[in-house]
Amino acid sequence: MDYSLIVGGEAGQGMDTFASLFEKAIKRCGYNVYAYSDYMSRIRGGHNFFNIRFSTENILAIKDNIDILFALNEETVQIHKDKVKDTGIIIADEAVAKEDNSIIHLKLSEIAKKLNNKRVANTVGLGAILNYFGVPMDIAAKIIKEEFKEEIADVNLKALEEGYKLLDTKYNLQIREDDKILINGNEAVGLGAIAAGCKFYCGYPMTPSTGVLTYIAKHANEYNIVVDQVEDEVAALNMALGASYAGVRAMTGSSGGGFALMVEALSLAGIIEVPVVVINVQRPGPATGFPTRTEQADLRFMIHAGHGEFPRMVMALRDTEDAFYQTVRAFNIAEKYNIPVLLLSDQHLADGVTSKKPFDLKNIKIERHIKRHIEGEYKTYEFTETGVSPRIIPGKIEGATVLVDSDEHDEYGHITESAEIRIKMVDKRLKKFELLKDEVKEPWHVGDEEPENLVVCWGSTYGAVKEAVENLSDEGVSIAALVFGDIWPFPTRKLLSLSKKAKKIIDIEQNATGQLDSLMRQEALIQSDYKILKYDGRPFTADEVYRRIKEVI
Amino acid sequence: MTCKYELYEPAWCPGCGNYMIRTALKMALEELEIKPHEVVIVSGIGQAAKMPHYISVNGFNGLHGRAIPPAIGVKMANKELHVIVESGDGDTYGEGGNHFIHGIRRNIDIAHFVHNNQIYGLTKGQASPTTAMGQITTLQFDGVKVEPLNPLALALTMGAGFVARGFSGDIPHLVALMKEAIKYKGYALVDILQPCVVWNRVNTFSWYKNRVYHLPESYDYTNKEEAMKKALEFGDRIPIGVIYKEEKETYLDRFDFIKNGPPLVDVELNPLDAEKLLEEFR
Ligand SMILES: Cc1ncc(C[n+]2csc(CCOP(=O)(O)OP(=O)(O)O)c2C)c(N)n1
Ligand code: SF4
Ligand SMILES: [Mg+2]
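Those sequence lines, one after another, are chains A and B.
Counting in my numbering, the first sequence runs from 141 upward without gaps.
Counting in my numbering, the second sequence runs from 3 upward without gaps.
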């Protein structure tokens, strides 16, 4: 079972509410949901839509075709008509594209008018569509009671009931056990940060990263978290470093442009060896690019950002569950090695709503690596075998002070110009990079054990690639995908072993130059035979990946 | 444990005003009986910004222009620390101008000592935002062509609650100012006139010495209009002392859980606390 719906219209027509109610109702029936929102960088007008897919399978990408199109305006009909399957339908209010008889026109606004609230027209539509799929009304009614304020819950309930009368039931969804949560990538990162004990998050609004800032801000008071909307992203990372130096877990985030402003401070984090977590929720660049769309073109940027040479770890987030656990892990690794850990998300993951098993908070560990007592004199940058110096919190140990310095420094943190100390300090910092090589996790392996066709990808393309590879594998194609999460230092073991037997290596990325491919060449001396690249700002659909792989194998 | 501070050998030029500022700082901290491990000096880059290296305190010597953001981070993380920013005029009013402006809006409890030598010392004598119009420098060969910035007037218009000016050549006066700034609950700006004996041949020790005068006992530092007049007085006569002071709610106090709770750094972390957040996603 696998259905898709698109609801589309102008910004401001209330699609968000419709989408979140619909997603929830379907999830409560026990189905997996994946919803992608496609929106423009404007507050009113334009064309925005949600593509909501639901299935018994664990889906993480949208399909090319849909079963139902709910058009809030005529433009939506024109744009999405061709995606509607032969068995599918288009529904709209009577006033939309009156002459078009491929549309099932419903009296949505007339009913809303009768209920004395024009704004409930979408709820009437919701009722009609839910009944079409055979979703019991009590499930939807409960959600409306939960989501709407008391004053408007009643009228929405009436609208829902009226809607249920408008369309006959075509698909009779069997009610299954609902044991999932519905969450998007930004929320999953925010939740991960809170669970990891982040007490300081600062940022400057920038789509598509703002959701992380907003999510944490919403829960800040409950969890003793300072959320600071800083004057600029330069302040953001510097401020987070100050908070972390003083002993709290700190994080900041932005999209590419904002991250660009943090670059000097990233280098500072490297030399002062203060742990910090930074997320870049990518959107297409260069510069302002496509503010509300998706791309994976900042991989090289994240790996190399910052002047000078210093260790860092870069983790690409693959889906919401991964986003949650990797965020928690990022804090632990940052504090284990006193380094910056960079998370790489994108608009596709950030705004994509997925149903997932509730995250397992019981099995999360917070590992801080902070010394509460010292013997003898304290040296911030004490030379050790591993390159990791013991960390203490300023003000907590009488007689001990912590000096961090952006200049090259000696073990005490004092400025030095000594050539000998310089070499030792550079080596000390880079030693930590060697340890990180053991810390990184190998990519996820989807598909056959010893494939003839080896797909490589990273981050949020996971969903579409996984589905395509599984379908091809079911058809008897010898194929597997390696999906990189930890990506710097670059884990090579699995890649080296699978690539030996593979006849074709296919690199799939949402960028124009194939940055993962170049990384493989650099780090593993492996080159892909084909690149499947997409850089139109729209996410891969599972079907598109399937088709494009078929073209090259 | 005593409240005695050790001093380390500075790399400043002989005769530089920074020595006097350090002496005053040490005296202020010792007289306030603050222990070295309870203080964090946050600085940027420049001659002034080397301060945390030359006195035994906790130090965060960060990036040029970026002392204020980490200082805010430190104070938010641990309200029990005394946070002091030491920075130059270029550091604070040039590269870090945006942080200066928005730092004032927060009114966080930090004492900010700006070593204002009206020049870029460390990079060898280029104009700073406070260098006078027309002054010839190692870069402005025809003289500076932009108007100088008035930091005190700017701070006042931004609503700063503590605005003062000191002079490195008047140590007892400076010690008193520093103590008052450190004790002040909120953001306290002390712009300290400091001769750079190498690069600023205009604003020399005697240039300042001949101009500065103590604000009289009768001066009402709660009167903003008077304060603005004093802030703008920078010529033949330059007033030093507390120019403006008012009690204001601090940034920390606007966060209930900080005001009435433990320092953030002491909050126990338990992942299970976040379990209930899963509910809204069901
Ligand atoms: C991003 C950046 N730009 C430029 C510099 C070079 N730089 C270091 S200190 C300085 C100016 C110092 O002037 P000021 O802040 O007045 O301090 P002073 O040396 O006079 O005490 C400059 C331009 C730098 N370190 N970083
Ligand atoms: S260059 Fe000027 S400010 Fe710097 S140490 Fe020498 S005298 Fe002082
Ligand atoms: Mg200067």
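Simulated from the structure, these hints should not be mistaken for lab results.
The reader is advised that the hints may include incorrect statements.
To be verified - In silico DSS-like pairs for lysine-lysine, Cα to Cα no more than 25 Å straight-line: (1) B:K278 x A:K289; (2) A:K225 x A:K254; (3) A:K536 x B:K6; (4) B:K185 x A:K536; (5) A:K519 x B:K28; (6) A:K320 x B:K247; (7) A:K496 x B:K278; (8) A:K571 x A:K581; (9) B:K37 x A:K511; (10) A:K519 x B:K6; (11) A:K519 x B:K211; (12) A:K258 x A:K282; (13) B:K181 x A:K536; (14) B:K278 x A:K282; (15) A:K536 x B:K278; (16) A:K502 x B:K278; (17) A:K358 x B:K6.
For the pair supplied as a hint, K571 of chain A and K581 of chain A, is the alpha-carbon distance within the 25 Å limit? With Cα atoms ~19 Å apart, K571 of chain A and K581 of chain A stay inside 25 Å; holds.
For this session: Given the hint that K37 of chain B pairs with K511 of chain A, test it: the Cα-Cα distance must not exceed 25 Å.
Result: 21 Å, holds
Does K211 of chain B lie within 25 Å of K519 of chain A when you go C-alpha to C-alpha? 41 Å, violated
Holds or violated: K358 of chain A to K6 of chain B, with C-alpha atoms at most 25 Å apart
45 Å, violated
query = Is the straight-line distance between the alpha-carbon of K185 of chain B and that of K536 of chain A 25 Å or less?
reply = The hint holds at about 21 Å.
Point to revise | Holds or violated: K258 of chain A to K282 of chain A, with C-alpha atoms at most 25 Å apart | key: 22 Å, holds
Under the criterion that the straight-line Cα-Cα distance not exceed 25 Å, is the pair K278 of chain B, K289 of chain A satisfied? OK: K278 of chain B and K289 of chain A at ~21 Å, within 25 Å.
*Straight-line Cα separation of K181 of chain B and K536 of chain A no greater than 25 Å?*
23 Å, holds
Starting from K536 of chain A, check that the Cα of K278 of chain B is at most 25 Å away, please.
-> 32 Å, violated
Exercise. Regarding the pair K536 of chain A and K6 of chain B, is the alpha-carbon distance no greater than 25 Å?
Worked result: 18 Å, holds
query: Hey, K519 of chain A versus K28 of chain B, does the alpha-carbon distance stay inside 25 Å?
result: 22 Å, holds
- Message: Against the 25 Å threshold, does the CA-CA distance of K519 of chain A and K6 of chain B hold or violate the hint?
- Response: Within the cut-off at roughly 20 Å; holds.
The structure fails to meet hints 2, 6, 11, 15, 17 from the earlier list, while all remaining hints are met.
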